[in-house]
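Participant: Chain residues, written in single-letter form:
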Amino acid sequence: MPIIKKHTPTSKKRKKKIPPVVVVTNTFLPAGENPFPEKLKKAQEILSRTKFLNP
Amino acid sequence: MKDNPYYPYDRTQASRYTFTSIGKKRINKEVVFTHTGIRDIVNMGFGDILPDGSIDDKANSNNGDIVRVLSTIVHILIDFTSRFPNKEIFFSGSTQERTKLYARILRTYYASFRKQFIINVLIKEGETYTELPFEPKADLKFHGFIIKRIY
Numbered sequence: 001m002p003i004i005k006k007h008t009p010t011s012k013k014r015k016k017k018i019p020p021v022v023v024v025t026n027t028f029l030p031a032g033e034n035p036f037p038e039k040l041k042k043a044q045e046i047l048s049r050t051k052f053l054n055p
Numbered sequence: 001m002k003d004n005p006y007y008p009y010d011r012t013q014a015s016r017y018t019f020t021s022i023g024k025k026r027i028n029k030e031v032v033f034t035h036t037g038i039r040d041i042v043n044m045g046f047g048d049i050l051p052d053g054s055i056d057d058k059a060n061s062n063n064g065d066i067v068r069v070l071s072t073i074v075h076i077l078i079d080f081t082s083r084f085p086n087k088e089i090f091f092s093g094s095t096q097e098r099t100k101l102y103a104r105i106l107r108t109y110y111a112s113f114r115k116q117f118i119i120n121v122l123i124k125e126g127e128t129y130t131e132l133p134f135e136p137k138a139d140l141k142f143h144g145f146i147i148k149r150i151y
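Protein chains in written order, with our numbering: chain X, 1 to 55; chain Y, 1 to 151.
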C-alpha cells in the first residue's frame, strides 16, 4: 500500500514577503538637474535685487 | 485650502515631488524645490511632466481640478517645510496672470495660511524689489512671494 504523505498547513513553506525598498534621499536636486532653469534664473535675478525685511 | 481634497503624492528626492491630476485627462505633475544660492531661499517650481520627461511650467491644462491641484501643492509645501523649517520658499507665476492667480488664492485662504506660514510679497520699485508682509487688502502688483513655516 502506497504511503500517502499528509500535508498540514504548518508544514507548507511560505515565501517571505520582502517589502519594497524605497530610497528617499535627503539631498536637494543639484542645480544642474533642475527642470526649471528659466524659472530659477528669474528667481535669482529678482532675489539678487531685493531689499529684504530682515537683511 | 489644506482642508480641501488633495491628490496623493510621491517624494522620491528631498526636493522633488510628483502627483497625478485626474480630471478630464490624467496629467502627471511635478513640484521641485531648488536652492537659489541667495540667503536660505529655495525656489519652488511646478509644472506638467511631458512625455519626453521635460516639464512645462506654462501649461494651462484646464483639467477641471484646479482647487485639488493647488491643495496638493499646499500639502507638499507643508511636508517640505516641516522637513526644512529654516528654508524660505520663493515662488512666482510663469506669467503675470498666474502670479495674479496665486495672489488671489493667498487672499482667499489667508486666514488659514497665516496660521502655518509667514507670507511676504515682493513688489518692484524702480530697478529693485522690496519684500513686504502680505496684506490681503493691499492693491499692489506682486512679482513673487516668499513664505516661511511658523512653528
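Treat the hints with care, since some could be wrong.
Claimed, not checked - Lysine to aspartate or glutamate pairs mimicking EDC-like chemistry, simulated, CA-CA at most 16 angstroms apart:
(1) Lys-124(Y) / Asp-139(Y)
(2) Lys-51(X) / Glu-125(Y)
(3) Lys-51(X) / Asp-79(Y)
(4) Lys-87(Y) / Asp-40(Y)
(5) Lys-41(X) / Glu-125(Y)
(6) Lys-141(Y) / Glu-125(Y)
(7) Lys-148(Y) / Asp-57(Y)
(8) Lys-115(Y) / Asp-139(Y)
(9) Lys-124(Y) / Glu-45(X)
(10) Lys-141(Y) / Glu-131(Y)
(11) Lys-51(X) / Asp-40(Y)
(12) Lys-58(Y) / Asp-40(Y)
(13) Lys-42(X) / Glu-127(Y)
(14) Lys-42(X) / Asp-10(Y)
(15) Lys-58(Y) / Glu-38(X)
(16) Lys-51(X) / Glu-131(Y)
No lab work stands behind these hints: they were computed from the structure.
Participant: Hey, Lys-124(Y) versus Asp-139(Y), does the alpha-carbon distance stay inside 16 angstroms?
Facilitator: Roughly 13 angstroms between the alpha carbons, so the hint for Lys-124(Y) and Asp-139(Y) holds.
Participant: Check whether the Cα positions of Lys-148(Y) and Asp-57(Y) lie no farther apart than 16 angstroms.
Facilitator: Violated - the C-alpha atoms of Asp-57(Y) and Lys-148(Y) are around 23 angstroms apart, more than 16 angstroms.
Participant: Verify the proposed pairing of Lys-141(Y) with Glu-131(Y), using a straight-line Cα cut of 16 angstroms.
Facilitator: Satisfied, since the Cα-Cα distance of roughly 12 angstroms is no more than 16 angstroms.
Participant: Is the straight-line distance between the alpha-carbon of Lys-141(Y) and that of Glu-125(Y) 16 angstroms or less?
Facilitator: Distance of about 11 angstroms is within 16 angstroms: holds.
Participant: Taking only the CA atoms, is the gap from Lys-51(X) to Asp-79(Y) under or equal to 16 angstroms?
Facilitator: Between Lys-51(X) and Asp-79(Y) the Cα gap is close to 28 angstroms, so the pair fails against 16 angstroms, i.e. violated.
Participant: Between the alpha carbons of Lys-42(X) and Glu-127(Y), is the straight-line distance 16 angstroms or under?
Facilitator: Judged against 16 angstroms, a Cα distance of about 14 angstroms means the pair holds.
Participant: Holds or violated: Lys-51(X) with Asp-40(Y), Cα cutoff 16 angstroms?
Facilitator: holds, 15 angstroms
Participant: Is the hinted pair Lys-41(X) and Glu-125(Y) satisfied, with a Cα-Cα distance of at most 16 angstroms?
Facilitator: violated, 20 angstroms
Participant: Between Lys-58(Y) and Asp-40(Y), is the straight-line Cα distance small enough, at 16 angstroms or below?
Facilitator: Given pair Lys-58(Y), Asp-40(Y) is violated - Cα atoms ~26 angstroms apart, limit 16 angstroms.
Participant: Does Lys-58(Y) pair with Glu-38(X) here, judged by a C-alpha cut-off of 16 angstroms?
Facilitator: holds, 11 angstroms
Participant: Sort out whether Glu-131(Y) lies within 16 angstroms of Lys-51(X), counting only the CA atoms.
Facilitator: holds, 6 angstroms
Participant: Take the C-alpha atoms of Lys-115(Y) and Asp-139(Y), compute the straight-line distance between them, and say whether it is at most 16 angstroms.
Facilitator: violated, 23 angstroms
In this structure, the hints that do not hold are numbers 3, 5, 7, 8, 12, 14, in rising order.
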